[in-house]
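These protein sequence lines are chains A and B, in that order.
Residue numbers for the first sequence follow numbering that gives the first Met the number 0, beginning at 0 and rising by one.
Residue numbers for the second sequence follow numbering that gives the first Met the number 0, beginning at 0 and rising by one.
These are calculated hints, taken from the structure and not from any lab test.
Take these hints with a grain of salt, some might be off.
[Said to hold, decoys possible] If the Cβ cut is set under 10 Å, some of the chain B residues that face chain A in the computed set are:
1) Ala28
2) Glu87
3) Met88
4) Gln91
5) Phe114
6) Trp144
7) Glu163
8) Trp201
[Said to hold, decoys possible] Pulled from the structure, derived: some chain A residues nowhere near chain B, Cβ distances all over 10 Å:
9) Gly7
10) Glu29
11) Ile60
12) Ile63
13) Leu68
14) Ser78
15) Asp81
16) Phe116
17) Ser119
18) Gln126
Virtual Cβ for every residue (Gly too), placed ideally from N, Cα, C.
Spelled out, the chains give:
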Amino acid sequence: MSTGILTGRKLGLVLCEACRLLSRPIDIDEPGHCPRCGNELSLRRKNAIQRTWALILAAAICYIPANILPVLNTITTVSTDDDTIIDGVILLYKTGSWPLALIVLIASVVIPLAKLFALSYLLLSVQHRTAVGRHERVRLYRLVEIVGRWSMLDVFVDTFTVALIQLQPLMSVKPGPGVIFFAAVVVLTMIAAQTFDPRLIWDAGEDKEGPDD
Amino acid sequence: MSSLPQNLLACSECDMLQSIPAIPPGGAARCPRCGHTLAVDKPDSLERTLSLTVAAAIVFLVANLSPLMGLSAVGRQVSTTILGGAQEMWLQGNEITAVLVAFCTVIAPAIHIGFMLTVLLVVRRPPAPSWVGMLLRWLEWQYPWAMIEVMMLGILVALIKIAELASVIAGIGMYGVGILMILFAAMKVSFDPREVWTRIRWANGEAPATVASAESGLSMETGP
Numbered sequence: 000m001s002t003g004i005l006t007g008r009k010l011g012l013v014l015c016e017a018c019r020l021l022s023r024p025i026d027i028d029e030p031g032h033c034p035r036c037g038n039e040l041s042l043r044r045k046n047a048i049q050r051t052w053a054l055i056l057a058a059a060i061c062y063i064p065a066n067i068l069p070v071l072n073t074i075t076t077v078s079t080d081d082d083t084i085i086d087g088v089i090l091l092y093k094t095g096s097w098p099l100a101l102i103v104l105i106a107s108v109v110i111p112l113a114k115l116f117a118l119s120y121l122l123l124s125v126q127h128r129t130a131v132g133r134h135e136r137v138r139l140y141r142l143v144e145i146v147g148r149w150s151m152l153d154v155f156v157d158t159f160t161v162a163l164i165q166l167q168p169l170m171s172v173k174p175g176p177g178v179i180f181f182a183a184v185v186v187l188t189m190i191a192a193q194t195f196d197p198r199l200i201w202d203a204g205e206d207k208e209g210p211d212d
Numbered sequence: 000m001s002s003l004p005q006n007l008l009a010c011s012e013c014d015m016l017q018s019i020p021a022i023p024p025g026g027a028a029r030c031p032r033c034g035h036t037l038a039v040d041k042p043d044s045l046e047r048t049l050s051l052t053v054a055a056a057i058v059f060l061v062a063n064l065s066p067l068m069g070l071s072a073v074g075r076q077v078s079t080t081i082l083g084g085a086q087e088m089w090l091q092g093n094e095i096t097a098v099l100v101a102f103c104t105v106i107a108p109a110i111h112i113g114f115m116l117t118v119l120l121v122v123r124r125p126p127a128p129s130w131v132g133m134l135l136r137w138l139e140w141q142y143p144w145a146m147i148e149v150m151m152l153g154i155l156v157a158l159i160k161i162a163e164l165a166s167v168i169a170g171i172g173m174y175g176v177g178i179l180m181i182l183f184a185a186m187k188v189s190f191d192p193r194e195v196w197t198r199i200r201w202a203n204g205e206a207p208a209t210v211a212s213a214e215s216g217l218s219m220e221t222g223p
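This is chain B alone, in the form it adopts within the complex (with noise of 0.2 Å):
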């Protein structure tokens, strides 16, 4: 393989060859064909996602161990976990149902936490060794089905529906979900994989010069 130029990249929607050029702060690059978001100027990426991310940690564990919501009806109190729906869901005989809740509530938002977490606290002292590469593909492969929004928006939608038939209470749980919900949306936001990439060791074995070459392009394109 030969070594092509450090900007040079298709467009992973269209194909489109491009380079992209120095991002203003605050800005980003488009494909001028599709439309697609090339790569956002995102200022000290890593340390800030890396802060977002521990306080992710934290509420998630308030998050699931709280209960969400409970309701009293007749003199009785009932009260669930999130992870207490999937069971209950699984008690009930609907084992796929409840193992799919349970992946895309509790298991893919701690995978997602602890991935990021291992990558961002190893990719500080570059160059990464290249297992961090796989943990950053999984990232974002699962990353849609970690549903914490869908989640928050079902958690209300059922309150409602009950508060039709018992009194509910929102439990420390749901606000938890509330803020790991933003939390979320501010790492997404924060990330930049492109900064990441930069860091870690090639698959092929080419890495002290990848960090220097990086090194050099990201002060070129940081440069006058």
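So that you can see chain A by itself, here it is in the shape it has in the complex (with noise of 0.2 Å):
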């Protein structure tokens, strides 16, 4: 397997990414729409690296409040707590569950942290053409689109702790102002997985086709 590839971007034929019909368009450039469900075709995501990158730098602006800023608020009659993400996970170490607090760390620190990496990294490649790696990158595109949803665990957590303790005025929590931006990391991230082409890591190395390991 390597230089004999036939894509079908070669052969002028586009699939439909909704239903996986394949066709070939008169114009390769304007392709129209899917003859069997009608859904706009297109040979690759549409401007999938400006668009990706765009997302990226907005989930990496929200990144930094969403772990400054409090989750939840706790007020007791004596005393007001404001609590971030890495604050819940302590909590959680210390009050000697720490499975749920490696649970809640990676999920709501490492991976929006280590999604945005990823997604830059893969666009990097893409950009500068590298041809090798291209197995490992496409696996680590598959793993950031599996993983990426898990992320909103902590915005269901604080929902949950809001919403049940409610014992005013002995103790109740409100949702602190970093909860909007940490939600706002794990929706943009995921909609930048979405809007990446993983079809752009193998054109890459097409031009300059090199053994395809």
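Using the supplied hints, reconstruct the complex from the two chains, each of which is provided in its own coordinate frame.
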């Protein structure tokens, strides 16, 4: 498997991303709509690189307030307490449930950051038309796609904590301003993973096709 | 547009052209270049998915109408449902988060179940009208946003966190979410969108020919 690989792009065939029908449009640059499902056709996801970069940048900006601002605000008769995401992890660890602390740490802190780096790396490698390590990069992309939604975990934890701890005036919990930024990071990186086109990883190597490992 | 061979396909992840061979029972076809799963043999896909979806619809109602969990402390009782959580978020001034939570935990799963039921019932008598294809497109697009399993883990973490402060009671809704999570996974595994697409009238009106050729294509695949 080296130089001889035929792709839709080489033969002027477009795959519909919605219904997976392969069709041969009259003009490959303006393929129009899928004859079967009517979805708009395009050889590659439109402006994938620019859009993904824009979403990653927006997510990276939101990542900072998401981690600095409190996500929960606990009010008791004697005190008010602001907790950031990390405070929540530390609290879980201190109360003895370190496996849960680890899960929340990975889902809320590690995964969003890792996604930002992974998508940036994929974009840079595509822009530099890197041909090596394509299999590894495709695996990385699939991982980003699958794992991303688990970051929503902390938003759900905060929601149900707020919903239950309403024992005014003894103790009540309010959501902090960090939640919305954190949710924005998760949503933006999820959309970023969907706007990136994994086929670009393979396109990059095709012009100077080396051994396809 | 000229017609192309029935089984010719471009891999959706690397664009390599290939034809899908007849898949043995329980087998799957993977792209030789990037390893992406192109097709999986799913016996009796539509019937199985339909029964799972009906079950999911019932469990969904139970999970949403019963209390998720309750808390008792200092002689007081508080309990919440799934939407109650989102509602409290809204009342506390975090409206956008509330909408997002409601969408991922209730609205998207509800749409998923509703569209799935519609699609599966309508395609029982092919050719199905082309709007079914629109539902199917929406189903695929919104699938990652229906976060039943993430919510389940979120509920458990919240439960353990709160258990430090007061005694918490797991409600029927929580067991409902657990079962719903399993049903959603089973629906995903059993559903074969490829089979549905062969039963839908084409957007450009090429209906009867499609059904005929799709059926002959299928019989060719399964034949010796």
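The hints, checked one at a time:
Proximity of Ala28 (chain B) to chain A is violated relative to the hint, the smallest CB-CB distance being about 12 Å (cut-off 10 Å). Here the hint on Glu87 (chain B) is kept, as its CB sits about 4 Å from the closest CB of chain A, short of 10 Å. Nearest Cβ of chain A to the Cβ of Met88 (chain B): about 5 Å, under the 10 Å cut. The hint holds. A least Cβ separation of about 5 Å between Gln91 (chain B) and chain A falls short of the 10 Å threshold, and the interface hint therefore holds.
Evaluation of the Phe114 (chain B) hint against chain A yields a violated restraint, the C-beta minimum of about 14 Å exceeding 10 Å. Contact between Trp144 (chain B) and chain A, as hinted, is supported at the beta carbon level, the nearest pair being about 8 Å apart and thus within 10 Å. Taking 10 Å as the C-beta contact cut-off toward chain A, the hint placing Glu163 (chain B) at the interface holds, the least distance being around 5 Å. The closest approach between the C-beta of Trp201 (chain B) and any C-beta of chain A is roughly 5 Å, which is under the 10 Å cut-off, so the hint is satisfied.
With 10 Å as the threshold on Cβ separation, the claim that Gly7 (chain A) sits away from chain B is violated: the shortest Cβ distance comes to roughly 4 Å. Every C-beta of chain B lies more than 10 Å from that of Glu29 (chain A), the closest at about 13 Å, which supports listing it as non-interface. At the 10 Å boundary, the C-beta of Ile60 (chain A) stays outside the reach of chain B, the nearest C-beta of that chain being 17 Å off. The Cβ of Ile63 (chain A) lies farther than 10 Å from every Cβ of chain B, with a closest approach of about 18 Å, so its non-interface assignment holds.
Its beta-carbon lying about 12 Å from the closest one in chain B, Leu68 (chain A) satisfies the requirement of being farther than 10 Å from that chain. For Ser78 (chain A), the non-interface assignment is confirmed: its Cβ lies about 14 Å from the closest Cβ of chain B, beyond the 10 Å cut-off. No beta-carbon of chain B comes within 10 Å of the beta-carbon of Asp81 (chain A); the shortest separation is about 14 Å. Phe116 (chain A), annotated as away from the interface, keeps every beta carbon of chain B farther than 10 Å; the closest lies near 21 Å.
Residue-level check passed: Ser119 (chain A) sits 20 Å from the nearest beta carbon of chain B, beyond 10 Å. Every Cβ of chain B is farther than 10 Å from the Cβ of Gln126 (chain A); the closest lies at roughly 18 Å, confirming the non-interface assignment.
Hint violations for this structure: numbers 1, 5, 9, all remaining hints satisfied.
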